[in-house]
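Protein chains in written order, with my numbering: chain V, 735 to 1022; chain D, 735 to 1022; chain G, 735 to 1022; chain X, 735 to 1022.
Just so you know, the hints here were simulated from the structure itself, not pulled from any lab data. Mixed in with the good hints, there may be bad ones.
Copies of the same chain look alike in the list, so a pair counts if it fits in one copy or across any two.
To be verified - DSSO-like cross-link-like pairs, simulated, lysine-lysine; straight-line CA separation at most 30 Å:
#1 Lys854 / Lys958
#2 Lys842 / Lys854
#3 Lys767 / Lys969
#4 Lys992 / Lys766
#5 Lys978 / Lys854
#6 Lys854 / Lys992
#7 Lys854 / Lys792
#8 Lys879 / Lys842
#9 Lys879 / Lys978
#10 Lys969 / Lys792
#11 Lys792 / Lys958
#12 Lys879 / Lys969
#13 Lys992 / Lys862
#14 Lys1014 / Lys766
#15 Lys992 / Lys842
#16 Lys854 / Lys767
#17 Lys766 / Lys879
Listed below, chain by chain, are the residues.
4 protein chains.
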Amino acid sequence: MRPAVITPMVTPFNPDGSISLEMTESLISNMKKFRVDGAFPMGSTGVFPWITAEERLKFLQFVAENAGGMDLYAGVASPCVEDAIGMASRSEDMGYDFAVLPPPYYIKPGDEGLREYYSKILGSVDIKFLIYNIPQFTGYYIPFKVLENLAIQNSNFVGIKDSSGDIRYHERLLRLKTRAFSLYQGQDDLFLQSVLLGSDGGVCGTTNFAPYVVEMSRLVESGKLQDATSIQSEKINPMIDALKNDDYPSTYYYAFYKSINGNGGYRTPMTRPVNSSTHKIDELLRQV
Amino acid sequence: MRPAVITPMVTPFNPDGSISLEMTESLISNMKKFRVDGAFPMGSTGVFPWITAEERLKFLQFVAENAGGMDLYAGVASPCVEDAIGMASRSEDMGYDFAVLPPPYYIKPGDEGLREYYSKILGSVDIKFLIYNIPQFTGYYIPFKVLENLAIQNSNFVGIKDSSGDIRYHERLLRLKTRAFSLYQGQDDLFLQSVLLGSDGGVCGTTNFAPYVVEMSRLVESGKLQDATSIQSEKINPMIDALKNDDYPSTYYYAFYKSINGNGGYRTPMTRPVNSSTHKIDELLRQV
Amino acid sequence: MRPAVITPMVTPFNPDGSISLEMTESLISNMKKFRVDGAFPMGSTGVFPWITAEERLKFLQFVAENAGGMDLYAGVASPCVEDAIGMASRSEDMGYDFAVLPPPYYIKPGDEGLREYYSKILGSVDIKFLIYNIPQFTGYYIPFKVLENLAIQNSNFVGIKDSSGDIRYHERLLRLKTRAFSLYQGQDDLFLQSVLLGSDGGVCGTTNFAPYVVEMSRLVESGKLQDATSIQSEKINPMIDALKNDDYPSTYYYAFYKSINGNGGYRTPMTRPVNSSTHKIDELLRQV
Amino acid sequence: MRPAVITPMVTPFNPDGSISLEMTESLISNMKKFRVDGAFPMGSTGVFPWITAEERLKFLQFVAENAGGMDLYAGVASPCVEDAIGMASRSEDMGYDFAVLPPPYYIKPGDEGLREYYSKILGSVDIKFLIYNIPQFTGYYIPFKVLENLAIQNSNFVGIKDSSGDIRYHERLLRLKTRAFSLYQGQDDLFLQSVLLGSDGGVCGTTNFAPYVVEMSRLVESGKLQDATSIQSEKINPMIDALKNDDYPSTYYYAFYKSINGNGGYRTPMTRPVNSSTHKIDELLRQV
Chain V
735 MRPAVITPMV
745 TPFNPDGSIS
755 LEMTESLISN
765 MKKFRVDGAF
775 PMGSTGVFPW
785 ITAEERLKFL
795 QFVAENAGGM
805 DLYAGVASPC
815 VEDAIGMASR
825 SEDMGYDFAV
835 LPPPYYIKPG
845 DEGLREYYSK
855 ILGSVDIKFL
865 IYNIPQFTGY
875 YIPFKVLENL
885 AIQNSNFVGI
895 KDSSGDIRYH
905 ERLLRLKTRA
915 FSLYQGQDDL
925 FLQSVLLGSD
935 GGVCGTTNFA
945 PYVVEMSRLV
955 ESGKLQDATS
965 IQSEKINPMI
975 DALKNDDYPS
985 TYYYAFYKSI
995 NGNGGYRTPM
1005 TRPVNSSTHK
1015 IDELLRQV
Chain D
735 MRPAVITPMV
745 TPFNPDGSIS
755 LEMTESLISN
765 MKKFRVDGAF
775 PMGSTGVFPW
785 ITAEERLKFL
795 QFVAENAGGM
805 DLYAGVASPC
815 VEDAIGMASR
825 SEDMGYDFAV
835 LPPPYYIKPG
845 DEGLREYYSK
855 ILGSVDIKFL
865 IYNIPQFTGY
875 YIPFKVLENL
885 AIQNSNFVGI
895 KDSSGDIRYH
905 ERLLRLKTRA
915 FSLYQGQDDL
925 FLQSVLLGSD
935 GGVCGTTNFA
945 PYVVEMSRLV
955 ESGKLQDATS
965 IQSEKINPMI
975 DALKNDDYPS
985 TYYYAFYKSI
995 NGNGGYRTPM
1005 TRPVNSSTHK
1015 IDELLRQV
Chain G
735 MRPAVITPMV
745 TPFNPDGSIS
755 LEMTESLISN
765 MKKFRVDGAF
775 PMGSTGVFPW
785 ITAEERLKFL
795 QFVAENAGGM
805 DLYAGVASPC
815 VEDAIGMASR
825 SEDMGYDFAV
835 LPPPYYIKPG
845 DEGLREYYSK
855 ILGSVDIKFL
865 IYNIPQFTGY
875 YIPFKVLENL
885 AIQNSNFVGI
895 KDSSGDIRYH
905 ERLLRLKTRA
915 FSLYQGQDDL
925 FLQSVLLGSD
935 GGVCGTTNFA
945 PYVVEMSRLV
955 ESGKLQDATS
965 IQSEKINPMI
975 DALKNDDYPS
985 TYYYAFYKSI
995 NGNGGYRTPM
1005 TRPVNSSTHK
1015 IDELLRQV
Chain X
735 MRPAVITPMV
745 TPFNPDGSIS
755 LEMTESLISN
765 MKKFRVDGAF
775 PMGSTGVFPW
785 ITAEERLKFL
795 QFVAENAGGM
805 DLYAGVASPC
815 VEDAIGMASR
825 SEDMGYDFAV
835 LPPPYYIKPG
845 DEGLREYYSK
855 ILGSVDIKFL
865 IYNIPQFTGY
875 YIPFKVLENL
885 AIQNSNFVGI
895 KDSSGDIRYH
905 ERLLRLKTRA
915 FSLYQGQDDL
925 FLQSVLLGSD
935 GGVCGTTNFA
945 PYVVEMSRLV
955 ESGKLQDATS
965 IQSEKINPMI
975 DALKNDDYPS
985 TYYYAFYKSI
995 NGNGGYRTPM
1005 TRPVNSSTHK
1015 IDELLRQV
C-alpha cells in the first residue's frame, strides 16, 4: 500500500501579518500538483498559537472549501478542554475527516490528567482524532500507557502523528498497537525509515513547496527502495538541514513564498530568515 | 524597605470544574489576613491555559472588584499578539495596576521575534508590564540582550518576575539593570536569598494558604535576618518540598482548599493529589 | 555485502569482583558459535572505567590470544593523551587490528582541543582507529567538523562507532563521508535501519548472549528484508526493552551469565539487577 | 566563625604541556599571599583526567611539601574502586588531611552501587573524605538518600563539596544534616549566599589569582555583610562571567598565568582561550 503523505500547511501571511487567502489558494495548488493525500491546516507549521480563534476557524473553513479531493485534518490544539472541544466540533461541521490534537502544553499534566483530557474531548465529538506527539514543543512525550488506555476506550482515536524525531519511540508505537490506529511520521527526514518499519505515512512540511516525499511514497509503493533512498538522502535530508539553519518555522514560510514567487509576510513573533540562512534554501529550491 | 509579597492566586474550582467565586472570596480573605501586598490572578498557579478567554476575563473582573487595597497584577499570557493586547487592554480598564506577560510558548521564537512580540504589545497598551521568565513552561530563558533592549525602549516595562529557580540568572538580572525595573522572585524557597541580593520582593504560591513569606518580609524590614532565615529553612522550604511531591499546581490547590475547609475541585487536566502526597502537606498545614 | 557484527564484550567477573578468564573463554565460545565478525573488549559494556590499567592490559592480551579468526578491536579509552597512546600502542603489539577511542569525558574540551586530542593519539600509533561517539556517557556529540578534519588529516582514522541512538546524527555521518571511513551502529535496536541506510555494521551488546543480530545480518545479505525486520521487531527490540529495565550494563552481565549458566559477579559500582528486572530477561532468554 | 576558603588549584603547565613545579611554587605563593585556608590539588580545575597517575602522585607530593600551614585536600577521583583507594592511601601517607572524591563518571551507577562504591573506599582508608557533587561532569546528582546512608555509616565522611551551582540542592544538603558533615560551595559566584545559608565555606577557583573570596570571608566574619555583598556583585560575579567566555578551565589557567606573568601552557585537550575571551579577563585582572 502506498504510504499517505499529508501536508502540515503553512498559514500564508501578507507582509502586514494578516492571513492571505490568495496565497493559500496557491498553496493548495502546490499540494494538488504534488498529489499529496491530505491537507492539515492549523498545525505547528501553521503557527496556530500565534493566531486568534476567529482567524483559525476562518482559515479552517477556507481550506475545507478549497482542498476538495484531499483528506482533511484540522488542527484543534488547545490546553483548554472546552476550547479544544469547540474547535473539534466546528471542524467536524465544516467537513473535516480528522481532528489533530497535541497534549496540553505550558503546564505538564500528570498521566491520569492527560488521560482525562483526551477522554473528555474524544468523548464529546464524533470526529476521528489523531493524537499528536511533539515533545519539542510540549516538553514531554505522551506515555505509552496513556496511549494504550485511550486506544482501548476511545473508538474515535484512529491515529498518532509522531513528530518527536525519536525513531525508537516511533518504533515502539508500532509495537504497542493494542488496536488498529494509524501511525504517521512528522519528520520528513525520517519518512522512509518509518514507512519501512511499518508506519502508515508522513505529515511532511517540505510538501508545502516540494514534491519529494510524495515521489518517495510512490517509489515505495512500486518497490523501488533504492530510488526512494536516493531521494531521501540526496533531496530531502539536505533540504531539512538547510531549513534548520534558522528559526522554525520561518524557513518553511520562506521556501513556500519562494516557490510561488509570493510576497509573503511573517507574523510576529516570527521573523524573516536572515540572508545567510536563505542562500542554501534558494540553491536547493532551484533543483526542485 | 519591606520587600513586596504578591500572591499568584489559585483559581478556585467547584468539584465539577467550574470556577467558584465563593471560594475566591475566601482566598482573598486569606490574602488580606496574611497582609500580602498584591493579588495576581490568572498566572501559572491560576492555570490560565486550561481556562476559556471568557472565564479569564470574568475572574479578573471579580478579583479587581474584591481585592481592594492590594496592588493588582493581571495575568495576560498568550502567544498570540492580538490576544495578549486584548487581555492587557481589558485588564487596564478593570483597574489593574500591572499586566504580567510570559514570552510565547509552544514554538520558541528567535531573539528578534521575541523583542518584536513584547514591543508590539507594550506599545499598544498603557498599562505597566511585568515580563515573566519561566523556562520550565516556555522551554527557554528570556535572553538578557532582549530584556536590555526592551528596558531601553519601553517605559511601561517596569518589572520582571523570574520563576526560573536559577539564582545566577536572577542575580545577573539585578546587575544588568540598564534602567529602573523591579525584580521579583517567583520561587518561595528562594525568597530570602533573592531579597538579600537586592530583589524587590516575591510572587509566592504559599501565600494562598500560609503567611510565612509575609512574615519573612517583615523580619527583613526590621533587620531580623536570623529569624527570617529560620522561617525560610524551617517553615517554607519543607513546605515547598512537600508541595513538589505531586503534579504542579495540584498540591497548591489541595493546600488552599484545606486551609479554608473547602470542597474544591480540580479542572482537567489537573487531578487531585494522591493520598501519599497529601499526608505531608496536611501535617505541615496543621502548624500554620 | 554482509554487514559486520562486532561484540562489545562484557568483562566476566567472579562473585568477588575479580576477572574470570574461565568465563571469558565461555564468552568467546558464545561469539564463535554465533559467528560474530569482531571482538571488542574493554568498551563501555566491558566497564573499562571500573578496571585498573593492569587488568585492562591483561584482559586485552587474553582476548587477543583466544579470539583467533575474529577481527580484534581494543578499547583504549582515556581522557589522558599519554595513557591512550600507551594503551593503543600495547594493543597494536598484542595483534589488535583496531583501537576504539571515545573523546575525553568528565571535562568537555572545545572543538580545537578535541581535534588536537585525536590528532596527537592517531599520529603516535600506527594502529587503525575507530572513533566512538557516545554522548550518553561523555556528555556531548563529536562535532561533524572535527570528524571531517580528522578524516582528511589522519589516514589511520578508519571508522566511527556511533552509539548515540540518534538516527539523524547517524545518517548525517553517512552523508559527510569526506573520505572512506566505515560506520558502525552501536545500538542493537537500530541495527537494521542503519545498515539499510548504508552503515557497515553494528557493535551489538546482545551478541554476548544471543545470535539475533548476526542472523539479521545474514538475512540482509541474502536480501530477505522481511525476515530481518521480523527479527528486529520481535526478537531484538523486546530484548533491548527488557535490558533497559535496570542499570546499564548490569542486565547485559546478567543475561550473559545466564546464557552460560555461570555464577558471575558484578564489580562495584555495578550491582546485580533486581528480580523484577530479570524476570522478563529470563523469559526472553528461554526463546533464544 | 569565618567561612573557610579552599583553592582548587590549577596544575601549572609549561608551554610543552609538562607540569611546571616552578609555576606551582608561584601558585602556592599566591595562595599564601591571599591567605586561603586550604590547598586542593588534582580536582577538576587541576584537570586530573588529563594527567597520568604517576604525575598526579608527584604533584600531590610537591604540594604537600610546599603548602605548609594550609589544610591539605587531595583530589583522588577515579571511577575504579581500587585506583581511588590507592590514591587516597598514598595521599594519607603524604600528609593530606582530606581526600576529595566525586562519584563514578562516564557510566552512571545505580543508587546501591554508588553507596557500595563509597563504602568500600571510605572503609579502606582512614583519611577523612569530602564527597564531591559535580553533575556537570558526572552527569548526575548524588542522591540525598545515598548521602544520608553514608553519613550514618562512615565516620570518615566529613564533608561535601557541592559544585552543582544549584542553590536549592545546596540548601537541602544543609537541612538533611543527619550528622555533622561540613558543606562547601564549589562555585565562587554562590559563595556569599551559601555561607549565609549555613555553608562552612567555599572551594573557589578565582583564589588561584585573586583574593576576593578570602576578603569576603573576612567581611562575613566581622559582620560587614553589605561590603561582602559589594565584592560578590562587583568583583567576583563579573569575573566569573568573564571566565565563562571560553572553555572551562582554560580561562582559569590563562588568568593564573597572567597573575604571575608566567609563560604557561595548556595540556591537550585544553587550548589557550581565544583573544576575544581574554580581553575582558585582562581588564578585570588589572583591577585586582
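Against the structure, the hints come out as follows:
no. : hint             : verdict
1   : Lys854 / Lys958  : neither (44 Å within a copy, 46 Å between copies)
2   : Lys842 / Lys854  : both (17 Å within a copy, 29 Å between copies)
3   : Lys767 / Lys969  : within (18 Å within a copy, 43 Å between copies)
4   : Lys992 / Lys766  : within (18 Å within a copy, 58 Å between copies)
5   : Lys978 / Lys854  : between (36 Å within a copy, 27 Å between copies)
6   : Lys854 / Lys992  : between (42 Å within a copy, 27 Å between copies)
7   : Lys854 / Lys792  : both (25 Å within a copy, 24 Å between copies)
8   : Lys879 / Lys842  : both (16 Å within a copy, 27 Å between copies)
9   : Lys879 / Lys978  : between (32 Å within a copy, 17 Å between copies)
10  : Lys969 / Lys792  : neither (35 Å within a copy, 50 Å between copies)
11  : Lys792 / Lys958  : neither (41 Å within a copy, 51 Å between copies)
12  : Lys879 / Lys969  : between (37 Å within a copy, 22 Å between copies)
13  : Lys992 / Lys862  : neither (34 Å within a copy, 41 Å between copies)
14  : Lys1014 / Lys766 : within (26 Å within a copy, 50 Å between copies)
15  : Lys992 / Lys842  : between (38 Å within a copy, 24 Å between copies)
16  : Lys854 / Lys767  : neither (39 Å within a copy, 38 Å between copies)
17  : Lys766 / Lys879  : neither (38 Å within a copy, 40 Å between copies)
In this structure, the hints that do not hold are numbers 1, 10, 11, 13, 16 and 17, in rising order.
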